[in-house]
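Protein chains: 2
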Amino acid sequence: MYGYRGKLLEINLTDSSISVKKLDENLLKKYLGGSGLGARLLYDLTDGQTAPLDEENVLIFMTGPFTGTKIPTSGRHAVVTKSPLTGIWAEADVGGNWGYELKCAGFDGILIKGKAVKPVYLWISEVGTELRDATHLWGKDTYEVDELIRKETDSQAVISSIGQGGENLVAFASIMTDGKDGRAAGRGGVGAVMGSKYLKAIAVRGKQRVEVKYPERLKQKIKELAPEIVDKTRMFGKYGTSGGVQGHEEMLNFPLKNWAGERWPEGVEKINGIVMEETILKKQYRCKTCIIGCGRDVEITAGPYQGVNGAGPEYETIGTLGGLCMIDDLEAIAWANELCNRYGIDTISAGSVIAYSMEAFERGILTAEDCDGLQLVFGNEKAMIELIHKIANKEGYLGKLLSKGVRKAAAELGNYAEEFAIHVKGMEFPAHDPRAYNGVALSYATSNRGACHVQGFTHGFEKGFTMPELGIDQPHPRHSVEGKGEFTAKLQDLMCIFDSIKLCKFVIIGGVKLTDITELFNAVTGLNLTNQDLIKIGERIYNLKRLYNVRCGISRKDDSLPPRILTQKRGPNLPPLGKMLNEYYAYRKWDEFGVPTEAKIKELGLMADYPDAVL
Amino acid sequence: MYGYRGKLLEINLTDSSISVKKLDENLLKKYLGGSGLGARLLYDLTDGQTAPLDEENVLIFMTGPFTGTKIPTSGRHAVVTKSPLTGIWAEADVGGNWGYELKCAGFDGILIKGKAVKPVYLWISEVGTELRDATHLWGKDTYEVDELIRKETDSQAVISSIGQGGENLVAFASIMTDGKDGRAAGRGGVGAVMGSKYLKAIAVRGKQRVEVKYPERLKQKIKELAPEIVDKTRMFGKYGTSGGVQGHEEMLNFPLKNWAGERWPEGVEKINGIVMEETILKKQYRCKTCIIGCGRDVEITAGPYQGVNGAGPEYETIGTLGGLCMIDDLEAIAWANELCNRYGIDTISAGSVIAYSMEAFERGILTAEDCDGLQLVFGNEKAMIELIHKIANKEGYLGKLLSKGVRKAAAELGNYAEEFAIHVKGMEFPAHDPRAYNGVALSYATSNRGACHVQGFTHGFEKGFTMPELGIDQPHPRHSVEGKGEFTAKLQDLMCIFDSIKLCKFVIIGGVKLTDITELFNAVTGLNLTNQDLIKIGERIYNLKRLYNVRCGISRKDDSLPPRILTQKRGPNLPPLGKMLNEYYAYRKWDEFGVPTEAKIKELGLMADYPDAVL
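Respectively, the protein sequence lines represent chains V and U. The first sequence lines up with residues 1157 to 1771 when you count with this note's numbering. The second sequence lines up with residues 1157 to 1771 when you count with this note's numbering.
Fair warning: there could be bad hints in the mix.
Which copy is meant is left open, so a pair is good if it fits within one copy or across any two.
[Claimed, not checked] Derived DSBU-like pairs (lysine-lysine); straight-line CA-CA distance at most 30 Å: (1) K1735 <-> K1745; (2) K1692 <-> K1735; (3) K1274 <-> K1226; (4) K1725 <-> K1758; (5) K1725 <-> K1756; (6) K1758 <-> K1692; (7) K1713 <-> K1564; (8) K1377 <-> K1692; (9) K1713 <-> K1413; (10) K1226 <-> K1394; (11) K1538 <-> K1438; (12) K1186 <-> K1336; (13) K1271 <-> K1438; (14) K1745 <-> K1413; (15) K1413 <-> K1756; (16) K1745 <-> K1564; (17) K1725 <-> K1735; (18) K1713 <-> K1725; (19) K1550 <-> K1336; (20) K1226 <-> K1758; (21) K1758 <-> K1413; (22) K1388 <-> K1186; (23) K1226 <-> K1379.
Simulated from the structure, these hints should not be mistaken for lab results.
Next comes chain V alone, as it looks inside the complex (with noise of 0.2 Å):
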């Protein structure tokens, strides 16, 4: 089918195997692509019962239909696993080169099963696919391997490892691609996983185009998408993703102090896109095929963080290693930053355990005993940084500990510990309260990685964006309640498509909607879809996920936010969750126990059976 190779790589750590596999036709139609497939292929291959770092745990590369083409943000990848850190549903979508480079090697996919003896690395090009030592590699951080297998390979492979993150198991290490440029497949300890197997890097380099059904159709479409993209993103691109950290702030979405912050103008006034535009900004940062260019290439030339040279750090890292933490020093935010990367751990997780440990601090449940001396109080950056240090590398009681991540590090500490774990199923919230929209609450509490902005990306339609083909022809306001469910649940299904077809969301800033990607989908693949036909795809996709979930033990009682964001007030609001939640449930048809009816299922086609039987 054009758009796809049809191909799977199929690896055996445990045996060094390697094989093609080929991806049935159907499995494309109903699962798009990328998380879409991946969901698909992840639960056929483990089960509720799948320890997250065990052999028998599969980790999964995928691009989608868009990759490889001229479609514009379409340079990406998702990746997919069970999660050490939440046990239940992985994914984490990410950008840069390394997707494009895989879809030109001829594959849609990755498929890694079982566990290597040693460090081993993988290397894919025209030549072939070879599984490599990686003894030498181990204990380097993200950007050095980067360095060295190209190297040892190709100066123009594109590389996808882990740092010592990945190496310790660290619960929310990430998987980074492009070097030092810093994309992160961040979300959820996908690096653990990959370092669970042995198995350091994937180094592609691939030189075949990717064919789609109608060239000149797309080229005319794409044409007439890419002003208005280019110029609806202008500041985005200009100032990055935290271009707006102090709209955010005034609008009480910007978390301060473990999320129990009110304001805090004379902070954020430091720590913003638009100072890193005027100080540390080298250049933009362009994903492959991109034309927003919100990523930033930052360097710090003197003073203590000197040495800073590539990715600067995001909207969420600012609000997390910066505002969760109350730290107001832009250039210790960019340095911890790529102290993150480098390591590969997720920045939003590893700030969120960060300040988290500074309110047990202040409060006495960490001693200084048990903080090897540390001042661990909020606004200390010379604590934040050296804990980045301690959690990679798995030093010391705190570093252990906060290395679980801050559900299960809540649990070890006990005494009321738990009641300040900012989480959803054990994932860390990313920079955007919900408390500001009732929509990101909702979203925060039934996104099927756990605390997600950008599994509904709800937040955009209730401040300014519009998707007429799903209904929402007005935003939505942020602290209505009325509707939400439906609101909520169709853009779930929305993203699921982006996730799967590989297409970034930012794109919708750009004035894209739903009909230009049906109008984009047809004429890469050939196929006669209508908008109606990708949405149901999307809400399969979604579904699938939530089974998923299911079987690992997830139901209603954990589709919750944490009681400080229920009961203590930020501003006006607090999100009548259980409200929105029987709206969403009815909507999606769920039943009492938000699992998924048979007759949704059935209408899906998902499964015969339910639950346990395989699809």
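Starting from the structure of chain V, add chain U where the hints point.
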């Protein structure tokens, strides 16, 4: 001090040592006795890490200042320990003659430490205290043990013992007292702690009268109260606790079908106290000094359940083994009740886990194979009875699973099985629906031992009773929200007095008020406390138990109700728990996490440093 012996019998089973410890007068004044004094001892002797079934846990039997006097309904004692069912505070209050006997043997209580190497029993008499071999009693049920030990010791000895449930460490094993009169220290698995220590029984025979300070004043006060108690509880005595089953069902308070049922008039008309009185009731049973006589003595002489002879089922037992399991055969319930008593397992938890397993079976989560072919459907009394055998003997997969209690069983089953596991903090619900009374909802959510109706007894005060000394001069409307936090907290503090001073809560039906209790207490002890003094003691005790739980990791997140109760209506009402909880915390001066504030702890004279300092 009058009303007390000032002596605690301490047994260390590890080295078979027996000693007598002095109970400091200040301690008695601060914590009264019963579960109040028990809380103080447990807090000091165990901690958040203590494993309930390990040698390090302690088991405390405690009487109160009223025990041993002629005060009506004072023939009671408390059993206190760390619960194997919930992992937190456990107390079980029990009637009968044992507490009275212990007090007359010269002790306020018994503290059991350590663990024997083989089965033993304790024999306390005028002659002294000795540990005796109980190898020949191991494996016997509580009715048998009672007879056997009385033969070996004194025909008038009173025995507290465990059956096979406690021996097998069933998480909700009870300690039974008074042989076939079947009085139970039922809740929280206190029997498993006794079993873990290889302590089969404690037999007591005491002959020393308890001296009170003002015998004449006491006599007068009793004379004043008794007629009204007798008069007002006449029907309650005649039909027992289950006389009101049909009224409770009409009010949507009686539990049905694992808490998913709405109405069942055709069922409850067969399983209530009036039918019992007309059929199997032999006579009323009275605990020591009781003038109410709500206990049942029943006998079945024909049919499949012939042989039943002794304690009959209480309201809670009919609610759980009957209503929850949809079993409308009173004789089957009476037989199941006797089995539970003999095995020494809590009828409430047993009925709850069985009903739970029926729902799991009907939903296909438990298969026929899991159930050894049992047709585990609602209404199948044979399956219900078979399961009691399996649970007490931990027989087969299902017996082992259910013996852990509903929380752990559900967690092991996975999928969405936790959604319909009805408990708070691991404690299965008693037979009152929180949707019928908002005060019960708040009580269940906050009670220190987990879901409990008698630690607040709010339903009584939402239906008809008043306590003007607490400002409760009108019954609180059961679906009202405003003021429910304060109302519930005050009643919980009051109930701490009952449980510590040792007085049956049913005297409230008989019109007894706080002022009466204060006068009785002053007549017994010679102290000159006010109502307010006593209430302060109640509050101190309640907060101490909470602090114990906080040390075990309990906080606001645990003060909740299962999703079914919070989201599925039964009748018009869903309890607005969050709102009531906010008010409740505010009234109690607990912080946002549900932790007593330092100010409150100081006010109550509980401890200098918080929360981990030794008292």
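Do the hints match the structure? See the list:
{"no.": "1", "hint": "K1735 <-> K1745", "verdict": "both (16 Å within a copy, 29 Å between copies)"}
{"no.": "2", "hint": "K1692 <-> K1735", "verdict": "within (25 Å within a copy, 39 Å between copies)"}
{"no.": "3", "hint": "K1274 <-> K1226", "verdict": "neither (39 Å within a copy, 78 Å between copies)"}
{"no.": "4", "hint": "K1725 <-> K1758", "verdict": "between (42 Å within a copy, 28 Å between copies)"}
{"no.": "5", "hint": "K1725 <-> K1756", "verdict": "between (37 Å within a copy, 24 Å between copies)"}
{"no.": "6", "hint": "K1758 <-> K1692", "verdict": "within (13 Å within a copy, 61 Å between copies)"}
{"no.": "7", "hint": "K1713 <-> K1564", "verdict": "both (18 Å within a copy, 15 Å between copies)"}
{"no.": "8", "hint": "K1377 <-> K1692", "verdict": "within (23 Å within a copy, 77 Å between copies)"}
{"no.": "9", "hint": "K1713 <-> K1413", "verdict": "both (27 Å within a copy, 20 Å between copies)"}
{"no.": "10", "hint": "K1226 <-> K1394", "verdict": "within (22 Å within a copy, 86 Å between copies)"}
{"no.": "11", "hint": "K1538 <-> K1438", "verdict": "within (25 Å within a copy, 78 Å between copies)"}
{"no.": "12", "hint": "K1186 <-> K1336", "verdict": "neither (36 Å within a copy, 66 Å between copies)"}
{"no.": "13", "hint": "K1271 <-> K1438", "verdict": "neither (41 Å within a copy, 70 Å between copies)"}
{"no.": "14", "hint": "K1745 <-> K1413", "verdict": "between (38 Å within a copy, 24 Å between copies)"}
{"no.": "15", "hint": "K1413 <-> K1756", "verdict": "between (42 Å within a copy, 26 Å between copies)"}
{"no.": "16", "hint": "K1745 <-> K1564", "verdict": "between (32 Å within a copy, 29 Å between copies)"}
{"no.": "17", "hint": "K1725 <-> K1735", "verdict": "both (18 Å within a copy, 13 Å between copies)"}
{"no.": "18", "hint": "K1713 <-> K1725", "verdict": "both (22 Å within a copy, 17 Å between copies)"}
{"no.": "19", "hint": "K1550 <-> K1336", "verdict": "within (23 Å within a copy, 59 Å between copies)"}
{"no.": "20", "hint": "K1226 <-> K1758", "verdict": "neither (36 Å within a copy, 70 Å between copies)"}
{"no.": "21", "hint": "K1758 <-> K1413", "verdict": "between (46 Å within a copy, 29 Å between copies)"}
{"no.": "22", "hint": "K1388 <-> K1186", "verdict": "neither (33 Å within a copy, 71 Å between copies)"}
{"no.": "23", "hint": "K1226 <-> K1379", "verdict": "within (11 Å within a copy, 96 Å between copies)"}
Hints 3, 12, 13, 20, 22 from the list above are not met by this structure, while the remaining hints are.
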